[in-house]
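Chains as they are written, first to last, in our numbering: chain Z, 1 to 415; chain U, 1 to 415.
Errors might be hidden in some of the hints.
Since the list gives no way to pick out one identical chain from another, each pair is judged satisfied if it fits inside one copy or across any two copies.
Said to hold, decoys possible - Subject to a maximum C-alpha distance of 27 Å in a straight line, what follows is the list of computed DSS-like cross-link-like pairs (lysine-lysine):
no., residue 1, residue 2
1, K372, K408
2, K389, K408
3, K389, K300
4, K26, K372
5, K408, K26
6, K389, K372
7, K300, K372
8, K26, K389
9, K300, K26
10, K300, K408
These are calculated hints, taken from the structure and not from any lab test.
2 protein chains.
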Amino acid sequence: MSIRIIEGGVTAARGFQAASCDAGIKYRSRPDMAMIFSDSPCVFAGTFTSNVVKAAPVLWDRDLLRSGAPVRAVVINAGIANAATGETGLRLCRESAECAARDLGIDPSAVLLGSTGVIGPNLPMDRLSAGIHRLSSSLSSSLEAGTAASRAIMTTDTVNKEFAVAFDLPAAGGSGTVTVHLGGMSKGSGMIHPNMSTMLAYLTTDCAISREMLQRLTSAAVQDTFNMITVDGDTSTNDTLLVLAGGEAGNEPITVEGEASALFGEALEAVCRHLAIRMAGDGEGASHLIETRVLGADTKEHARLLAKSVVGSSLVKAMVFGRDANCGRILCALGYAGVDFDPAAIEVFMEDSRNQVCFYREGHVLDFDEEKALAILSGPEVRFVCDMKMGSGEATAWGCDLTYDYVKINGDYRT
Amino acid sequence: MSIRIIEGGVTAARGFQAASCDAGIKYRSRPDMAMIFSDSPCVFAGTFTSNVVKAAPVLWDRDLLRSGAPVRAVVINAGIANAATGETGLRLCRESAECAARDLGIDPSAVLLGSTGVIGPNLPMDRLSAGIHRLSSSLSSSLEAGTAASRAIMTTDTVNKEFAVAFDLPAAGGSGTVTVHLGGMSKGSGMIHPNMSTMLAYLTTDCAISREMLQRLTSAAVQDTFNMITVDGDTSTNDTLLVLAGGEAGNEPITVEGEASALFGEALEAVCRHLAIRMAGDGEGASHLIETRVLGADTKEHARLLAKSVVGSSLVKAMVFGRDANCGRILCALGYAGVDFDPAAIEVFMEDSRNQVCFYREGHVLDFDEEKALAILSGPEVRFVCDMKMGSGEATAWGCDLTYDYVKINGDYRT
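When you get a sec, could you build the whole thing from the sequences and use the hints?
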């Protein structure tokens, strides 16, 4: 019952179509709108930003999630976040959903919405409607359509992010197995510090699963994946993860804890982790992916706090950019994580796939091999391993370096 | 009973001397050690970093503070932080205090220590001792000696920071008043996010005051001053504020709450605030001081969290550097501060001493005057005012913009 990586993203699962178009919302001459459509009604699960200032589409999706009714479509635009837009923003959500519902012959309450971009401006409703018409009439179940959708939702992202897996589950009725598919796309590069960033992630699956089980497994999967990445410490107003399950795989529906729910949960976490790491590595201006693995913490929650503190430190990020092994900064970031530990007991390493350097042990920064450290810092991915020697709590967090380009991109984002 | 700004820093108060020298700890051809000496035994108060990884001199000073015994001297070096140095670091502290004690004819337990610089390396004891000898033999009560000391403790600081005030208190015995002096110096530019950075601050006063009252007023003064600034969100291993009171002013000793303690507390807060704002404005690479004032929060603590969230946001900092009034980012930072509020109720302004722009009201980012906003962002100081419309909680936080130079300085700090 192993999980296999397959091609594609949101159209990898049976029963899902996607489309994208250049609607001119803000960007010129590049696709900036996408649609996902399910041939059958979907149960869905979601997690949203914890920011008090929630974008209008976040409020819209949250209300649909609370209602519990099935959904059929997701409409997403890049360029304008529809956040801090008050009642106008909510009205534009309603109008967008109504527009899509008319075109697709479904109910407005079956249309989820997502936006990413500048906070403050209103969406241009005329361009949005024209975009929705074009999306509705160009849906396709091809893998290419899914890939094009993952490109259309990008803002400062430099690469699109999609991933899909397949695994086998018992067939409905009990004879033999069927293959279930789970795929997704995400975007996110700046304002990334998900607590549940402007991170948008959409997953689709043909798995038959109850709404309650899907939400439980989604909420769990987020903890060690999307919630463990940071680019700049800014938790966006628009963070959204939605998982749509159409049920066309024909598996025995998953409604209780068991082998099937465990396997689906594992697949969900694999897709979320892949998309999350891709976002961290593609952080605005980033030249390195930074992974921090904490072992031996007293609790898992403390391991998470320690790992996030290191990848979130401006000084650690700048040091990785500068390839300067100023390793005391790792110690400093562990120390202000809000977790108690014995500085004399812990051990800290820096490594990549070929080299490992221990730079702190028994309360001292060691006289480590600077050449080896430079070799590690010269690669595209750096891993710090912190063994707290307290217990069995483990966690991994991902971030990126702080570069001149981050400052450039964000000093002049609106233009 | 007003507070008057006077010239000088740590030698502004009667009974205090200072010295500085070029000891070659790490920097070449610039002063990097300083000493403060009190002619009479001082009660003292202190607050230290909350980082779990505490530098050796922080542990040394904390032990002296706990002992309650009076002190006579402070020895400070820049270049090496003596942090993450284990037992060796503590031994070097003991040896430094013993060296200074011999030279000054006092007890080692009357010598406070402070270090700032790179985390990890050991202090070179030979250079340190040679420096202490030179400091001990060149003490002076001149204002210039205090200013030179404030320069010697700088690391990446671009300007020295000192400030002093005077005020009148009832004379001891009850007839007439005497003038009391309070002055101080500080350093700090990066790794600044005091929770009680490598921020070092030393204040001296000739006020007669009990140790308990001095500690109570110092702990209170820190809350709205040093603890309300941030440069990079990294809380250092070495943060130290020490206030030494020698008592030579001849005032009626302050031992209980009253007008005199209130006036001294106000003076203490004024000096701390001035030094704190100077540190925020001189943040590594900074081109703007950013002040955020929160009004109308439900509690003071919530006002503090909101104000600190705005000045700490990488995206707000980059926007100020880029002079791009992408004001939705202020809303976003308020929203993830961890404080609940109604986004539809609040009002947010940007201002300097001449212009004010309201850019958010009734749940909307407004169509504000971009030219006026650019004028504000073109000045050296920008203030954001956030009226939460909930209660009477107020707080102000200070930070600086995120610039190419911050990345440059911290990508290559050790060399």
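Hint by hint, here is what the structure shows:
| no. | hint | in the structure |
| --- | --- | --- |
| 1 | K372 - K408 | between (31 Å within a copy, 23 Å between copies) |
| 2 | K389 - K408 | neither (41 Å within a copy, 35 Å between copies) |
| 3 | K389 - K300 | within (13 Å within a copy, 39 Å between copies) |
| 4 | K26 - K372 | between (46 Å within a copy, 24 Å between copies) |
| 5 | K408 - K26 | within (20 Å within a copy, 33 Å between copies) |
| 6 | K389 - K372 | within (25 Å within a copy, 56 Å between copies) |
| 7 | K300 - K372 | neither (31 Å within a copy, 49 Å between copies) |
| 8 | K26 - K389 | neither (51 Å within a copy, 33 Å between copies) |
| 9 | K300 - K26 | neither (42 Å within a copy, 40 Å between copies) |
| 10 | K300 - K408 | neither (37 Å within a copy, 35 Å between copies) |
Hint compliance for this structure: hints 2, 7, 8, 9 and 10 are broken, all remaining hints hold.
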